[in-house]
Amino acid sequence: MEVPLNYKGGLLHFEGEMAHKQNYLERMERNKQRKLESGLISERFPEVSDIVVHMTYYQKAVNPVLMSRTINFWPTHHAYFNMDCMKKDCVDGGFDLTSVIINMIKHQKKSAKGKLNCHGSVIPPASEHASIDYEITIKYNKK
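When we follow my numbering, the leftmost residue of the sequence shown carries the number -2, and every step to the right adds one.
Read the hints as simulated data drawn from the structure, not as lab findings. Treat the hints with care, since some could be wrong.
What the hints assert, rightly or not - Lysine-lysine pairs mimicking DSS-like chemistry, simulated, CA-CA at most 25 Å apart:
1) K29 to K107
2) K136 to K107
3) K112 to K136
4) K57 to K110
5) K110 to K84
6) K32 to K136
7) K84 to K103
8) K112 to K84
9) K29 to K106
10) K112 to K85
11) K32 to K85
12) K140 to K32
13) K139 to K107
14) K106 to K85
15) K84 to K57
16) K32 to K107
17) K107 to K140
18) K57 to K103
19) K57 to K107
20) K32 to K84
21) K103 to K139
22) K110 to K136
23) K32 to K110
24) K32 to K112
25) K106 to K139
26) K57 to K106
27) K106 to K136
28) K136 to K84
Produce the entire structure from the sequences given, and follow the hints as far as they go.
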């Protein structure tokens, strides 16, 4: 018995979705492991009382502002500062603020602003498909 062509296409599409879901689950597991390995803020940076990261996400599109968000990190949170790219079709992208935050703490800076580009890949390929403007505020424990 021959399977109709459109059915085969649907099956191939389904298999593609299954592979995509598997890749997604693997990425989530890697991120979970990295988060656990990063340690707690209270352990790595005992002098810090809280960190506030405000980000505005941009995309290459007619309406470039994708979203704005504020994330609060407390001493009981993991010292994991890698934010996912908000473009749903972006693979292996994101915005790693770890070096910025570590440098701020090392020099006891209270605030910093900057911009990062996502270096993940999208289909169709597009350089600088997404970026963020960030503002970070760190409060330190009183001595």
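### Task
Check each numbered hint against the structure and report the violated ones by number, ascending.
1, 7, 9, 12, 14, 18, 19, 26, 28
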